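**Student:** Protein chains in written order, with this note's numbering: chain A, 1 to 371; chain R, 372 to 742; chain Z, 743 to 1067; chain Y, 1068 to 1392.
These are computed hints drawn from the structure, not numbers from a lab. Please note that the accuracy of each hint is not assured.
As the list claims (entries may be wrong) - In silico lysine to aspartate or glutamate, EDC-like type, Cα no more than 16 angstroms apart, as pairs: (1) Lys554(R) with Asp208(A); (2) Lys967(Z) with Glu943(Z); (3) Lys1117(Y) with Glu574(R).
Please read these numbers as outputs of a predicted model, since none were measured by experiment.
One letter stands for each residue in the lines below.
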Amino acid sequence: MTDMLTVIRPDGATKKGYDAGLSDDGLLHCYRTMLLVRSFDEICLKLQRAGRIGFSIPNRGIEATQVGAASAMRKTDWIFPSYRDFGMALYHGISPVDMMHNMFGNAEDSAKGRQMPVHFSFTEPIHFYSISSPIGTHLPHAVGAAYASKLRGEDTVHLVSFGDGGTSSLGFHSGMNFAAVWKAPVVFLCQNNGYAISCPSDEQTASDGYAVKAEAYGMPHATVDGNDLFAVRQAVSEATERARKGEGPTLIEAVTFRMGGHSTSDDPSRYVPKELFDEWEKKDPVERFRRFLEKKGLWNQTVEDTMRKETLAEIDSAAKIAEKTDKPGLETIFSDVFAEVPGHIRRQGEFLFDLVKRRGEASAGGGEFPL
Amino acid sequence: MTDMLTVIRPDGATKKGYDAGLSDDGLLHCYRTMLLVRSFDEICLKLQRAGRIGFSIPNRGIEATQVGAASAMRKTDWIFPSYRDFGMALYHGISPVDMMHNMFGNAEDSAKGRQMPVHFSFTEPIHFYSISSPIGTHLPHAVGAAYASKLRGEDTVHLVSFGDGGTSSLGFHSGMNFAAVWKAPVVFLCQNNGYAISCPSDEQTASDGYAVKAEAYGMPHATVDGNDLFAVRQAVSEATERARKGEGPTLIEAVTFRMGGHSTSDDPSRYVPKELFDEWEKKDPVERFRRFLEKKGLWNQTVEDTMRKETLAEIDSAAKIAEKTDKPGLETIFSDVFAEVPGHIRRQGEFLFDLVKRRGEASAGGGEFPL
Amino acid sequence: MANMTLIQAVNDGLKTAMRGDESILCFGEDVGPKGGVFLATEGLTTEFGKERCFDTPLSEDGIIGTAIGMAMNGLRPVAEIQFQDFIFPAFDQIVSEAAKLRYRSGGQYTAPMVIRTPYGGGIRGGLYHSQSGEAYFAHTAGLKVVIPSTPHDAKGLLLASIQDPDPVLFMEPKALYRAVKGEVPEGEYTVDLSTLRTVREGRDVTIYCYGAMVPVVEKAAAQAKEQRDIDCLVVDLRTLMPLDEEGVLEAAKQTGRVVVVHEAPRFCGYGAEISALIAENCIEYMEAPVKRVTGFDTPFPNTLEHHYLPDDRRVLDAIEAVYDF
Amino acid sequence: MANMTLIQAVNDGLKTAMRGDESILCFGEDVGPKGGVFLATEGLTTEFGKERCFDTPLSEDGIIGTAIGMAMNGLRPVAEIQFQDFIFPAFDQIVSEAAKLRYRSGGQYTAPMVIRTPYGGGIRGGLYHSQSGEAYFAHTAGLKVVIPSTPHDAKGLLLASIQDPDPVLFMEPKALYRAVKGEVPEGEYTVDLSTLRTVREGRDVTIYCYGAMVPVVEKAAAQAKEQRDIDCLVVDLRTLMPLDEEGVLEAAKQTGRVVVVHEAPRFCGYGAEISALIAENCIEYMEAPVKRVTGFDTPFPNTLEHHYLPDDRRVLDAIEAVYDF
Ligand SMILES: Cc1ncc(C[n+]2csc(CCOP(=O)(O)OP(=O)(O)O)c2C)c(N)n1
Ligand SMILES: Cc1ncc(C[n+]2csc(CCOP(=O)(O)OP(=O)(O)O)c2C)c(N)n1
Ligand SMILES: [Mg+2]
Ligand SMILES: [Mg+2]
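Sequences are here, hints too, so could you generate the full structure?
**Tutor:** Right, here's the structure in full:
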């Protein structure tokens, strides 16, 4: 395995004098965000098991990668996330309620209940780009958006995040290639969490890790310990700096592990050897960062208890609000296909509004086109 | 630029004792094949300019790559060619007449006049796979065919040839990746001839050459002087040996130059600097091999004159035969869509046969389905 | 005979085929140890080894591209695309290569292979786990398109598809995977491609459907009988390409009133071809407009998918409309 | 006004748009110094610089994928796909992404962009330089599909497409690039999308067509008049999606006899939708079968392409058939 950047030692220590460039508040914000992610996981699992939401994506094990990367981005930068990037959204202040609206696919969901859960889309307080299910399609989008920023002379950087499996997709090949040729301000973050659903890394690629794939495109790359928040933060910071200076894109591989199933529909015991879970359990990224905070005097059990309670309560109340929110109106089936609703779609909508009225189903919203 | 394997020096000399593993006849066969390619080019250009064929692909400058690679393959191996691999076909004894039938798209064309010129397809005397226009699609085909050979325990090797532009295609990414993971017996031959139509290499990729792209897939690679027949032959031989031993695929980049337009429809003066042509003219691969033969005592002006006359006559008479051959029969529009002609296509055929009869057009063949 | 679900019939079909012919192999994303996300390939790696049933890297282009290469070199690949929505990265390989290889090589190279893929709505899959793309493929000359609606047909059509000399896209209605059960013969048997299945005889209205819409139409037809004494002739198309066009026209002429039902969007959907065939070949028999009951011309929604998908009530409305015309 | 060919009108349209709006840029394979393989982008790099008109690596997936990213971030990309036959590697980006982005993001992200691509037969291009794939795209909710048939419309529709807030697939009939000439206004003007063009008025038979089939139909209509005194109403659809369905139905009702003409294969082709619309909405006005004159359900041949493509004689036969029915 290639050399891997590590900053926080297992016991929580860093090299003397290491400065991550974050205030105490900033450090605690990182920790709190990771706990928020854990709470999100926990509550969504319960909701899913109770049949109240259809599906969720667990994040245990990869929280430091998400939060470390997010912490290196400015609010004016863009994030092109994968469906597993809850932590990036939460770090930048996207509200749990707004995220829960998506999990329930209700009327307040910014995607208007059209997508499956975990397919978020936000433009505020940061561009957190609309998540697509097809793997890898968003890589060239980040490159195109970056080209636009560059052409206008802005210093915006575009971070695009994807999994180990994502490196086999078409979008990886074309996105990496175009970005390198155009010297586009993009940071490619490959979250190598060991599996693509059930496919282990050695059946995904014959290369030694994923960072080396950048060689094919003449692009600089780095491999970092993905369970080390500072290592990820540092690599992403260096990459954004280069990008802002006009020096082009970077590929970063964060080596981490998915401590659970691919989604709430998956049973990893069919394919992940138990020893792997045991081995990685010891490397828990939240625990590692906790030890760092403790050494720095920012953590004690009271802090922990309060934060855990608060974050769980925050997510829980978000879920309650979202669950009580109405389903989307019928018209949401027909709007946003085009900027204006064309005749044939309008007629189909009117057909449905009428049908629902005739059946006496009121539940599905007004059934009128917004003008 | 990466280190590049060279065997024949510009003056035709090789290292003392270098053995290419070819008999004198074999060496002359290589030379003769390159002259055949030149004759093919010359005659096709004339035919195209005279409006007697629609299109051709010139090969000047890259003859050594084609012939060197072909010379490393056995008749039981498969070749998955690009549209520019006339030399590989001719080397293995595919007859110029059969190739000319394709250029004229006539009734004897093995593709039944359905494809544009230069889209050959043969199974004898070697598998010279049906050429497709979409770039890069044949790479995964070679990998799948190689998987089949391997599964059956055969020692067949599959050579797949493509251009520098082809490395940006989807098929390159998926073909290379699958081949490496499967350790499939494939030789990937990238003919870097400087341009993809008008797109120069530095706008195609930011990598230093194309061989390095193999790193992304954990695959061995080599860069060779594509104007040096022995260098190409040696690299391909080594790769086929590895493949036969079950050690998997190799990517070979042959660095050469397209000494003309992309096709007979292209005017390179719009985008290729004249100096480049001048520079590469000096590196002519046929000339280089000729000097080698001369040093070896296998060449003199008489040999040259005879061979030139013979090859030109061979191609010329092939063209004459092909031009006199009938156009394909009407039924070729409708057959081979499926193994059996289904009802709806049969009815469309009968409609056309009837129409043509009513119009009194006899020229288009019998117009009956072969049973 | 055993009573099984549709997904069990698919699994049984794969095992039966692989036992009978060593050249058959299955691969795709997560089809190995996991057995596929719907368990269609459960047990295959164990029984046949990982050379004949295995996971691939995450590239549909690679899956279909390599399947073509295997097929032309003597194997019979049965490739799985995890959801039909994810077939589009392989669209070029399917449309430009698999479908055209025999034609462009004058029959020298062929790609006899099966692409299995679950399609359609009803599982709250939203935009990307619900689509019905049959029209794209039926419009592509050189491809066969098969969609079963019962466990019996699922196995029989799958075995016929695997034996077929041409590339077959085998679309499985995922909404029916566990929703329907039926008798399935043991061992080898085939259901011929390009044959229609008469689901219900009737003289008043002809309804064409396939896949997950078949039970919906059956329900509507039963209601039409019960509530209005309308006798519906229900036809399960099962092979969309090559279609038994004569059979389709025959069925239309029998009643002179036609409804076509599918989940996919209406515009340029498969139903348009059925309407067009009728308008072209037996319009003079028609006593009413040819009605289509389809998904809407929008992407597939999530929360409101039950409003998007045709249901028995919408089909019944259409039956009444053409009957009362 | 200047008299120009269709390809010149496209070139003029691009220049006009780029002069008026800095956010517009053109890219694709060989569109830079070479000016495109058909010279549609000739002179653009010189006039606008290589940041606004440039060559890309050989990846249609990359071209369309990056165009989407540009579009959502304030640029107006006009991407070229060298031949429509080579659009399929980008099919996933077009169908899954460009077409669905507005919907799936609830309107937060959009992809206003134009994909220009030459399509159709008539240049002896064989299987892969001749295809007409409009039905694939017209069936894809969220995409607009535009096909001009005259120099005037080429420029006017192109400018309208570039201004449109939605992704537009702009298919250029390459057979007409240099075969038709016509008056083209200087500077900015637009031809509204989703409007039909009446090419010729008539009371006897309605013919729908688009792109390179328009002149073929015109010729047939003239012969029908001359030889049989049949008056054809010829409608150039020009925007295939969203289609002016009312206009289409209106034209059908005017004559009660309909012929639909396109180059693409028949089965599930665009013509099927026109037939289906008529069969669904105004079958009672029809006095004859709705005839389709189309390419055959095979890949596109090379040597025999003139037998494959609908010609005026085939159209005339169809006109007579519906007239004499
Ligand atoms: C094109 C495509 N093919 C298949 C799928 C089904 N699928 C969803 S997630 C996934 C695995 C992704 O693995 P990876 O990229 O490693 O991300 P991770 O889930 O591990 O974060 C697959 C195969 C898909 N969404 N898109
Ligand atoms: C998918 C696809 N896109 C575009 C084209 C048009 N095209 C034909 S050849 C070519 C350039 C190929 O360049 P390269 O791979 O370097 O091969 P060379 O012609 O130089 O041998 C292009 C763009 C195509 N055939 N297929
Ligand atoms: Mg992963
Ligand atoms: Mg080249």
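**Student:** For each hint, tell me whether it holds in the structure or not.
**Tutor:** Now for the hints, and whether the structure bears them out:
1. Lys554(R) with Asp208(A): holds, 15 angstroms
2. Lys967(Z) with Glu943(Z): Holds, at about 12 angstroms.
3. Lys1117(Y) with Glu574(R): holds, 12 angstroms
Figure legend: structure checked against the earlier numbered hints; every hint is met.
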